[in-house]
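Participant: Dock chain one against chain two, each of which comes alone in its own frame, and use the hints as you go.
Those protein sequences? They're chains W and X, same order as listed. So in my numbering, spot 197 of the first sequence is number 573, and the numbers just go up one at a time. So in my numbering, spot 417 of the second sequence is number 436, and the numbers just go up one at a time.
Hints in this document: simulated from the structure, not taken from any laboratory. From the three backbone atoms N, C-alpha and C, an ideal C-beta is built for every residue, glycine too. Do not rely on the hints blindly, as some may be mistaken.
Stated by the list, open to error - Restraint ranges, calculated between C-beta atoms of paired labels, are given here:
| # | chain 1 | residue 1 | chain 2 | residue 2 | range |
| --- | --- | --- | --- | --- | --- |
| 1 | W | D404 | X | D442 | 31 to 41 Å |
| 2 | W | T537 | X | D282 | 26 to 36 Å |
| 3 | X | N286 | W | Y430 | 37 to 47 Å |
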Amino acid sequence: MAEILYKIALFLVLLSTGGFILFIIRQDKKFFRWSYKILFMGFIFHTLFLVHQYYALGTAPVISLKSTLSFFSWCIVGVYLFYQIRFGLMVLGSFVTPLASILMIISIAIPGVEYTIKPILKSAWLIIHVGTVFIGDALFVITFAAAIMYLIQEHHIKTKTRGSFYTRLPSLETLDSINHHSLMYGFPFLTLGMISGAIYAQYALGSYWRWDPKEVWSLITWLAYAVLLHERLAVGWRGRRAALMSIVCFCILLFTFLVGSLWLSDYHSFDNLEGLIR
Amino acid sequence: MTVRIVNIGMNHESAPVELRECMANNRESSSLALSCMRESEWIKEGLFLSTCNRVEAIYTTDYPEEARKTILSMLSMLGNISEERFMPNIYIYEDSEALKHVFRVASSLDSMVVGEPQILGQIKEAYHQAAGVEKTTGVILNRLMHRAFHVAKRVKTETGISEAAVSISYAAVELAKKIYYSLEGKKVLLVGAGEMAELAARHLMGNGIESLIVANRSFDKAVQIADLFRGKAVFFEEIETYLLEVDIVVTSTSSMDFVIPYDMVRNSLRKRRNHPLFFIDIAVPRDVDPRVNRLENVYLYDIDDLKKVVNENTAQRKEEAIKAERIVQEEVIRFEKWLKTLDVVPTITALKDKIESIRKSEIEKSLPALGDLTPSQIRAIDSLTESLIGKIMNDPIVVLKGKADGRSRDIYLDVTRKLFSLDKDDKNA
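In isolation and in its complexed conformation, chain X is listed as follows (with noise of 0.2 Å):
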């Protein structure tokens, strides 16, 4: 009987936010889950993932219908909710889809915004948590992890699905690079006080930029989030004079009319000696005239002209996916062929294998040195070498055989293979 890995999540496809947040993620709902897992005389090993917009559960287990039951009520234990409500909302893959999974979720593949970065850490976090604090991880899902870090790793090295903008700040951000060589030491003016201002200077603060100065009607909040970016509040009457000394502005108030006229811009271009001007409008309706675009050295991008980036930038991903498709395909298969060695029999076949072929390259090595043999006296050598590797291999296949239904026996496969290195083909792993 072989082992099977298993995957129980929810993402945020397949359940809505509300119950997502039951399972809260943080790290003592974790630990209970490992530690849950580790107490399970179903469960071999166990990995358990936990963000904002995913919740898994990694397993390797010889029973999986009683394991199943144990993951499914300790899920209904962490969310303090009932199985049947939660049931619709999970998927459950077994073996190579689980390995498939496990893959796509390490390589950005399956998170809400395709190719964003942070996955790969929250994932390493999990399996450091699982592997060095919980000691719930065993040979199987320490090379899962391994790989799936490798998988990710080639991912993004070999497509370009990281590259590309996908958020409307991103594109903002990407856009600002086409400008200005780098954002370290830029000035930006954030005008109004809204919650996607907010993120846009999130993101812009993310990348570099030195000050950030607020405008908003209400100097309160204003202030408010001056302070979370450690800024500075300005008055709204004070707009034009800040135009002279930033580089770039972000508007989303709720205006009804323009709050940066055109005379505005022209005026403080001279003044700001022809120094590039970056203006991102993402109020509807617009809050900057759209003819200062016109005026030389400023470029004004509003909501939509950013919305058609994020598009153009997803059809590119598109074309991306299906090549780190086919890389997580790839590894998959190569971990399969791995897990298959994990049976005794082939282990043990390798091993005889490789040792008769040692016995039988040091005999013909032997043979020349030591002169005219008869016919009886090289048959004498070979049943003489053959006995003595029979005699050594003895004890350790009897050992591997008497593993093959125990718990340990993966570690032993897995020490046997290394110790006599059989898996030539794939060092890197």
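Isolated chain W (complex conformation) (with noise of 0.2 Å):
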């Protein structure tokens, strides 16, 4: 039953990610709307297969990589979703469901285990901790794919060549403002994940900060994103400098989930999470 609903999501999210690319090369509307519609049927199927998770699981399905992955693919679709009815930016979705897609792959190539879960997951703490990160991750995700195509556009027009993204792509304004706006909000949201984080911790293990390198890792993500959104509203850091700052704080924020989580980490990492379950 899972398997299903997850493999209907993946072929809807991977056809409409096929969509959104013909768009951007097309430039034909029709190409977008049906790509949206598309996806809107896989986020809702990816959200039904969440939720038998949950309570096949009896906790958030957050506690491997592979579920994790889906779990990060699912947030970045539904704030791409949320989005694209904000701002109707939709040249947005070709930039954003690819990496949407390659997490759900991914997450669908790992082989599956079996596994009892301890009574210690299955806490309230767990999903607010973990939610709170990926959605202010999937955030994030815009962000930086605002960067991207501001730095793209920018160097269209500051050398006057007009690629052929210089018509696809939207106003400098319309991005750096996109990218401010994604900032402002995935801040409070990691800031959320790491204060519940470090209550759940406590409540769990003990004690709310253990020097873990994913702590750490994740403090110094934090950090870096607590410097942008600084320079940002005080400075009155815009454009260029901005997008290159959201782009290495990106760049530490995918270490600090890639690297700690795979390998560095102490309990944080899946590794000892399923020793912590079995």
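Facilitator: Below, the structure written as structure tokens:
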């Protein structure tokens, strides 16, 4: 059942990714309209899959790399759909959906392991911690995509080359404000995620901060984004500098997620999580 | 004999501006032209279009020679010049060539700036004057003009011809829209008050710019321009101050040195909190130090850059123009097909066919309900229905045939075709 739901969701997201890529090449709004509808359907199926998993596991399906990637991808699509409804920036989909697709494919490629779950993971705090962190991360994906688009567009305007992206991308002001907006919302989510993580650790492990490498790297990520936000709000950074900085921040974030989750970390790593579960 | 559609005119390519000016483009001259066409016994329907780039007389006639003379003498009277003087600058199109020309004009393929949107409005106005006020159009021109509007719409939606900018100020506005989300609420500083600057300002204002500030060496001229756009005139020395609050700067002075040096822009950036600043430098020699383009959030386009944009757009437009010509050709063929139906014979045939097919299908439907009939009874039903439609159709057909050469023929045919809906295949016409 779960597998079928996930496969349908994956199929729909892949289909809409193809549509979004066709849209940016052909610039025909018909492609966008269909891709958007299909992505919405895919999101619904993915949501059903996650709900099903939640009831099957008795806790949020975020405790293995497989399920976490799927959850992250769900967050990215959800945040994108929100931005589409709020700002109607059609071309954003062509940048964001490929990432969501890749994450979903990696997730399905990782073999699933049967495990029983210790009561420590059956906590509402886990949902709050992981949920807020990943919504924040998904918003930072938007920040990152907008920054890339900004740099491409700015390059075209500055060098007066007007390449193929020139007509396809929106104005610099639009891209900068998407970058700003997603940063403004992503940061509080990340902050909440870290606070709830500390509370969860205090409640589950007896101490709120254990110098776990992932915790340290998360703090570094948080600080990097804090600096970016500060420069934007207080110093008046915008445009190119802000775009470059948000790309650097996103690289730190990726490092934290991948390296931290996979082998550096103590109890945050999935290997150990599974050890915790078995 | 079929009616001829003729188009006599001159445009920006065939005639110099001095000549086009003579045919003054005001309402009186076109109403004069229209009444002249109405009075003429050679001209059945007429339409007169006159803009600053073209003069066109479109009419239908059964007597092409006489009608042409009438129109030429009318043009000569309007412009108050002898026919010999403008004959070399005139083109005369007939039938399918005329249809094609009208469609091309309406879809802005014949304009000086191909794809510019004003021409359609001007044609609509000319048509309104001819059809609504002077009542000089009839079945054919009414349909022709509606088709022309339809063609223009198709060309606009199906080709990219009206998208790309071709003039310098269009190009500047297009670029500004890639920097700013919208030009609404943005401020423009005009440095220098030449004709080009005025043109650019007009364009920017047309795209929603909120306010305009004009700085010029001669303050008088600055005030003049500022008044024109309800802007504000400032001294030349104040440029640095106003650089802090504007978004777009258009420079066009005849100064030999840079009017806006690198340091002036760099120093303003921090105070502007890095808000983007777009320089459009249309002066030769240049007014803005080219190095400012290297500054963050500052974009500088000089006249050569803008020309490059224009050229690229022109090339792109040529491709789209081919598509547009195809649409025009398609519609010309369709219109000619319709014109042919205005001969009485095809209409009568179509009418007979339609009634006959109704008769046949009704008999087929009724026969089973009538039970077992002998062959002679079936024959009786056949001849009854045949003579019934024959009697009903007799009078209309006689009337149509009688009108074959009359002035009102087209109206009768058109009404007949509409009453019996004989033109099923093009409902959208």
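Participant: Check each numbered hint against the structure and report the violated ones by number, ascending.
Facilitator: 3
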